[in-house]
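A.B. asks: Assemble the complex: chain G is given as a structure, and chains S and D must be docked to it using the hints.
The listed protein sequences correspond, in order, to chains G, S and D. The numbers in the numbering used here rise by one with no breaks, and the one at position 80 of the first sequence is 80. The numbers in the numbering used here rise by one with no breaks, and the one at position 3 of the second sequence is 3. The numbers in the numbering used here rise by one with no breaks, and the one at position 283 of the third sequence is 283.
You may find that some hints are simply not true.
[To be verified] Just a few of them, taken from the derived set where beta-carbon distance is under 10 Å, the chain S residues facing chain D:
id: 1; residue: THR24
id: 2; residue: VAL27
id: 3; residue: MET28
id: 4; residue: ARG92
id: 5; residue: ASP98
[To be verified] If you anchor each label on the Cβ, the simulated ranges turn out as follows:
id: 6; chain 1: G; residue 1: VAL97; chain 2: S; residue 2: ASP60; range: 18 to 24 Å
id: 7; chain 1: D; residue 1: ARG637; chain 2: G; residue 2: ARG171; range: 34 to 40 Å
id: 8; chain 1: S; residue 1: SER87; chain 2: D; residue 2: ASP591; range: 29 to 35 Å
id: 9; chain 1: G; residue 1: VAL97; chain 2: D; residue 2: ASP591; range: 45 to 51 Å
id: 10; chain 1: G; residue 1: GLU86; chain 2: D; residue 2: ALA587; range: 51 to 57 Å
id: 11; chain 1: G; residue 1: ARG171; chain 2: D; residue 2: VAL623; range: 33 to 39 Å
id: 12; chain 1: S; residue 1: ASN62; chain 2: D; residue 2: GLN612; range: 38 to 44 Å
id: 13; chain 1: G; residue 1: ARG171; chain 2: D; residue 2: TYR619; range: 29 to 35 Å
id: 14; chain 1: G; residue 1: ARG171; chain 2: D; residue 2: VAL600; range: 46 to 52 Å
No lab work stands behind these hints: they were computed from the structure. We treat Cβ as the ideally placed atom computed from N, Cα and C, and that holds for glycine.
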Amino acid sequence: MALFVFVCSAAMILVGALGVVTRSNPVHAALSLVLTLFGVAVTFVALQAHFLAAVQVIVYAGAIVVLFLFVIMLLGVDRAENLRIEPLRVQRPLAFVVSTGVAAVVIAAIVRARDSLADPSRGLAPTGADAHDANVREIAREIFSSNTFAFELTSVLLLVAVVGTVLLARRQRSPGAGHPVRP
Amino acid sequence: MIAAVVPTTTWYLVLAAVLFGIGTLGVMVRRNPLVMFMSIELMLNAVNLSFVALASRLGDINGQVVVFFVLVVAAAEVVVGLGIIVSIMRRRASVTADDLADLRG
Amino acid sequence: MADLLWLIPALPLAGFLVILVLGRRLGEPGAGVVATLATASSFLVVAATYFDLLGRPEEERNLVLRVFEWVPVGSLKVDMALAADPLSIAMALFVTGISSLIHLYAIGYMKGDPKFPKFFMYLNLFVFSMLMLVMGENLLVTFLGWEGVGACSYFLISFWHDRESAATAGKKAFVTNRVGDWGMMVAMFLAFSAVGTLSYGAINHAAEKGQIAAVTATGIALMLLVAACGKSAQLPLYLWLPDAMEGPTPVSALIHAATMVTSGVFLLTRMAPVLDAAHPWATDVIAVVGAATALFAATIAVAQTDIKKVLAYSTVSQLGFMFLAIGSGAYVAAVFHMITHAFFKALLFLGSGSVIHGMHHEQDMRRMGALRKVMPITGFTFIIGWLAIAGVPPFAGFWSKDEILLYAFANNRALWAVGMVTALLTAYYMTRQVVMVFFGEARWHDAAAAHGAHGDHSHEGEPHESPWVMTAPLVVLAALSVVGGGMQLPFSKSTHWLEHWLAPVVHGAEADIKGTWAYDNKWWLLVLAILVASAGIAASIAVYSRGRARPIEPTVLADGWRYDSLVSAVVGGPGRAAFQAVADADAGIVDGAVNGTGRVVLSLSGLVRRTQTGFVRGYAAIVGAGAVLVLAWFLLRGWT
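Here chain G stands alone, though its shape is the one from the complex (with noise of 0.2 Å):
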């Protein structure tokens, strides 16, 4: 059952992932990614991360591809990219030796430390009688006690996010400024 599992989500990412990279067309480019976010959720479930797969759901492709989305329509790019041309020469065959170097190595390191690696996941057992949000108690425990301050800087973080992009994609009033495109 696990390995049943195991192999659709991966099939699921890796299909997504050449879609992200392969389709001209950056609309089918967002699904696709959508497709590979999926498949990290249902691993994510696999690996006994419930709540982290939930989180992923809702705001990697319910609020990160949306806004992708938006921003495509917005502009009116979702005219699809030439891909057969490539104006740098040398970037092609730079780019698969370096993708295939980054994974191979990473992989190496992976293959080489299989025997430390090698006990099934025992998987993060539920221990109380509460049994059924215990892994969201859990990570809230860690959360808002040891990395309060991470979290503070999180949400600081978040913020200035916020007003920066309200700040950058303003429209210029200004004479002289380029006429904005309308889509």
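C.D. replies: For chains S and D alone, kept in the frame of chain G given last:
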């Protein structure tokens, strides 16, 4: 029998590595700024996957806490990045990453 | 008293600063009064120190005041320190005394000049530098004063700077002095390398104890001679002094007669033990240079027509006498002649200034004559100065010159003979000057009529006597020229007052001529000197006053043996080529290396620049490649 094969942590980590590699490829090959951004999201997801896999293996909840924070920061990053892209692409809609090459020697 | 030594140079420095700031407001004659008071009060402090030293026993006559630590660099430790010992106080006395008189004189001479305050500012700065020079406790403080007087000389010679000739003369003085300064610097380096300090006390002590090798001492002596030749206008560096007459007459009197030009003599006397420790031929060189210069300059003075140029060459000649004295080991005689020369030469210069002032800035002696009737005080004092320099007893110059000739005879008779000829010529040309200016027919009527016709308001163009501010110093200096010889009379040991006073400083190096033929027969030499002087005076009167013989004034003498043109040709021709070569080498090699480095860097960066393509994807690829390499390295490192 085949159901007795349980995916080990190694498998998850290898999956994450492959996902990371695909993300890297996307950053380097695609010219549309938005698609490049999406590829960066792929890389972040790969990292999240590794964290959760290892948290599961080591029985430490802190791995998941880290993923939580990574998620938040990734969200903020996307917001700001898209704001920048919006303000650049307002001029011409067909701006690619190669056109933004003014900072050159 | 040692604590107050700093007042001596500080008072003129204060005068300089006050006039620097408030000069324009003080104006005429306020700035002059301030300057004179500053110098005069410094004189009072020096006099007090003198009496303090007199009251001490001979061994203790050495006060040192350490003002602050000046240069503590590694093993070189130099203090800003002042030393009051017999030699420095003797120098300081006549420097401040004569300076005060000349400051007073200048108030009258520079009347009406638009740059009146600036003149006194420079004068005070000069007095400060000169005092630092003589009162310095080590070579570096003296060098500070040395350079200072050189700079002030430049300022003051080219004081009327809109005159081309004055500006050029100032530059010439400065550049020629620089050659001498090189000599002083090398001497300082040698002294430091031999003894490890620049302090006079230590160096002289080491020389007396024989701790300085004869070779080093000779080197130091010769370098000091170069320095002294520059400052004291000896061959071959004398040529700036006649041109320096472009400056106002008080400047000529103060700097180029009484004080700055004596610095060379002072320096050599200061380092007498080192000169004594050198090879004997070093002092012979000094004596020869002195004698040759004395004769050379005297011959030129015979043919000059400018009233100040005669006195300028005369100064060069008299300084030659002082160098002859030093070379013969007669340090006391040199200092004696320095002091008496200061008296009568300052007197003669100030007198000539009074004549120039009275003749409305006429300086050619051929247009003067019979001035003693119109300018009695000037004439009378000038005549006293003339008698002093010509070597007529009992005036001051006779005693000091005779002392020098005595020691010269004991050392080297040929040089003595040169000295005698020079004395003859001195008497001759000075008499010539006095006759042409003050006696004979008045040749200034035409010029006076021209002045009157142009509506010149001052006494219809006739020459007149100068005001009291100018004649009073003349009287004082004349009195000093009469009695100044008293400080070292040859009659007996007890009348050798100057020798006793200077004994702690020069006793080791002073030549001992007791028992020589010269010493035993000094009265005959004295009589011979009187005869020579009288002969010179008589010959000159015969030629210029009575007209019994034609004057011998060949152009080659008037042109100074064409030495100036020779120097110009050498420096302008091959000299300039050499300088140009050095300058080109500097521009080519040194600048070339620096600029070349810059060019190399530029071209390298031009190559590196091409990596900045501006393509973000390219950068990402490079970063990725780098990351792969780093990861691979980590992986391989731990692959056990």
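A.B. asks: Regarding VAL97/G and ASP60/S, is the given constraint of 18 to 24 Å on their beta-carbon distance met?
C.D. replies: 36 Å, violated
A.B. asks: Could you check the hint for me, namely that ARG171/G and VAL623/D are 33 to 39 Å apart, CB to CB?
C.D. replies: This hint holds: roughly 34 Å between Cβ atoms.
A.B. asks: Given ARG92/S as an interface hint, is its Cβ closer than 10 Å to any Cβ of chain D?
C.D. replies: 17 Å, violated
A.B. asks: Per the CB criterion, is THR24/S less than 10 Å away from chain D?
C.D. replies: Cβ of THR24/S sits 6 Å from chain D, so the hint holds.
A.B. asks: Is the gap between the beta carbons of ARG171/G and TYR619/D within 29 to 35 Å?
C.D. replies: 30 Å, holds
A.B. asks: Does the Cβ-Cβ separation between VAL97/G and ASP591/D fall within 45 to 51 Å?
C.D. replies: 49 Å Cβ-Cβ, so the 45 to 51 Å window holds.
A.B. asks: Against chain D, run the beta carbon of MET28/S and see if the smallest gap drops under 10 Å.
C.D. replies: This interface hint holds because 5 Å falls under the 10 Å limit.
A.B. asks: At the C-beta level, are GLU86/G and ALA587/D separated by a distance inside 51 to 57 Å?
C.D. replies: Since GLU86/G and ALA587/D have Cβ atoms about 53 Å apart, the given range 51 to 57 Å holds.
A.B. asks: Is the distance from the Cβ of SER87/S to the Cβ of ASP591/D consistent with 29 to 35 Å?
C.D. replies: With Cβ atoms ~50 Å apart, the hint is violated.
A.B. asks: Between ARG171/G and VAL600/D, does the C-beta distance stay in 46 to 52 Å?
C.D. replies: Because 50 Å falls inside the window, the suggested range holds.
A.B. asks: Mind checking the CB of VAL27/S against every CB in chain D and telling me if the closest is under 10 Å?
C.D. replies: Hint holds; VAL27/S Cβ to chain D Cβ min 5 Å, cut 10 Å.
A.B. asks: Close enough to count: is the Cβ of ASP98/S nearer than 10 Å to one in chain D?
C.D. replies: Cβ of ASP98/S sits 6 Å from chain D, so the hint holds.
The structure fails hints 4, 6, 7 and 8 (numbered hints given earlier, in ascending order).
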